[in-house]
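As given, the protein sequences belong to chains S and U, one line each in that order. Numbered by the working numbering, the letters in the first sequence go through residues 239 to 647 in order. Numbered by the working numbering, the letters in the second sequence go through residues 7 to 145 in order.
Don't read these hints as lab results, they were simulated from the structure. Backbone N, C-alpha and C fix where the C-beta goes; we use that ideal spot for every residue, glycine too.
When the alpha-carbon atoms are kept at most 25 Å apart in a straight line, the in silico DSS-like pairs for lysine-lysine are as follows: (1) K52/U - K631/S; (2) K631/S - K64/U; (3) K638/S - K28/U; (4) K131/U - K638/S.
Ranges of calculated distance between the beta carbons of each label pair, as one might list FRET restraints: (5) D518/S - K12/U: 35 to 43 Å; (6) K129/U - Q603/S: 54 to 62 Å; (7) S611/S - S135/U: 45 to 53 Å; (8) S135/U - P244/S: 48 to 56 Å; (9) R515/S - V59/U: 49 to 57 Å; (10) D635/S - V59/U: 35 to 43 Å; (11) V59/U - Q603/S: 55 to 63 Å; (12) K12/U - G471/S: 47 to 55 Å; (13) D518/S - K129/U: 46 to 54 Å; (14) D514/S - V109/U: 35 to 43 Å; (15) K129/U - T602/S: 57 to 65 Å; (16) A240/S - K12/U: 26 to 34 Å; (17) V109/U - D374/S: 32 to 40 Å; (18) T88/U - E604/S: 53 to 61 Å.
Which chain U residues stay away from chain S? Per the calculated CB distances, all over 12 Å, these: (19) D30; (20) W83; (21) K131.
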Amino acid sequence: MAIKLPIYMDYHATTPVDPRVVDTMLPYFHEKFGNAASRNHSFGWTAEEAVENARAQIASLINASPKEIIFTSGATESNNLAIKGAAEMYREKGNHIITQVIEHKAVLDTCKRLEKYGYEVTYLPVAKDGRIDLDDLRKAITKKTILISIMYANNEIGVIQPVQEIGKIAKEHGILFHSDAVQALGKIPIDVQKDNLDMISLTAHKLYGPKGCGALYVRRRNPRVQLSAQIDGGGHERGMRSGTLNVPGIVGFGKAAELCQQEMAAESARLGGLRDRLKDAIFGKLDEVYINGSMTHRLPHNINISFAFVEGESLLMGINDIAVSSGSACTSATLEPSYVLKALGVGEDLAHTSIRFGLGRFNTQEEVDYVSSRVIEVVERLRELSPLYEMAKEGIDLSKLNWKTAAEH
Amino acid sequence: MAYSDKVVDHYEHPRNVGTLPKDDPNVGTGLVGAPECGDVMRLQMKINPETQVIEEAKFKTFGCGSAIASSSLATEWVKGKTVAEALAISNTDIVRELSLPPVKIHCSVLAEDAIKAAIEDWKKKKEVSEPAANATAGN
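Here chain S stands alone, though its shape is the one from the complex (with noise of 0.2 Å):
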């Protein structure tokens, strides 16, 4: 079969709409185009119906109840709602919040805000497999703490946190836990009661719907979450987040959620075996290569890989036909290499040779292969101009050289 090019790899930056999702939405452009807060026509009841309908669905892909859902206009508003509504709710009680370095900027940036306004901020390390220490978060809580905010899945390596866990250590110290959980929405199951999870930040791009439109879990019962309004007007969404609903969104955002509760089990399991099989033939083929983050902990469609003595940005000039993207600094606006990776321990030079894959829905099995051998060639042909794969294989120690020296030449 002929393969079509360029081939899209990257998921987890965003995903194509499902042709599906498109059809469920195309209505709601013109025909039922009302505004779902007017109360006294068919044209707002249409929209809202619409909307209800979109906010059970979603809620049941997480188990919560429709009325917990608080529409957005994406997950960085989600959570920049969540962390400073609750920071502003909750000032009475506390002003410590717990973090950990990996977190998207969406949550770091925040909080550091945050810590501006007076609101003390732990960011907690991870280890080498890209999760927290439990102990690390018991030590952390304080008697002001008020929010733990830990992502559900990271957005570079995949690596799944101990949600479960972390939110019985919420539950029990009567402090809130919010996940950015847009990696993991639809990917893996997620259950905001076994959880134990109080406000999780969602997204329809990452899962085949819209851009433009999120959502944000606010659990009402056990306990009921009080979020004081970051954007302030008409009162929409429970008082929490005003302005008028984007009604094509939000119904796609909907179906995009019933898809996926629908062929989860049977997605993951396809782009799993799609993962390994790119990885296994990549590591047949090349010596040092290393995945970043557990494997064991990790997000069914995601590989992170460290290719040494090859510079990110290079490979990906090379494998042009191939939409990926690397933790080098070269291909970053601000020419630092990952900060995730570097949280990770590991090594910047490591870092600068990282590509991550994100496998999704419409990638096919001749895709995969077809990705693995032009990476395979790629990496091949740039360590033959690489004086570092030579040294290496000199058996020179790259890590005792002294670079400085060199450079001040």
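Using the hints, position chain U against chain S.
Chain U alone, transformed into the frame defined by chain S:
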């Protein structure tokens, strides 16, 4: 990020990739950059001690496409030049030739450093191998 055609050409068809015997007294080796920074260039030149002409140049580079292109171009340019002419090559010449964007200027700086480091290494070797000649010249 879009690369210029010349960068792509050097990346896909790098000139003068390889290794020269680093213990040869006529070979100068320049190794610049650091793995932690994501760029390491090794530039080697075989220089005729009589004419001071660079007869051969080889490189290997760990780095992005622009780093590979900068060092590949550097080997092309130094070949056939005298040591003095090679030392006159500036990073801005490389930037212009390859149309490097501002974030990639450091690649050209590294290539210039590599040329200078290789010549420096060759000069040092000459001092060691020909101390008498140097002493005479000094008189």
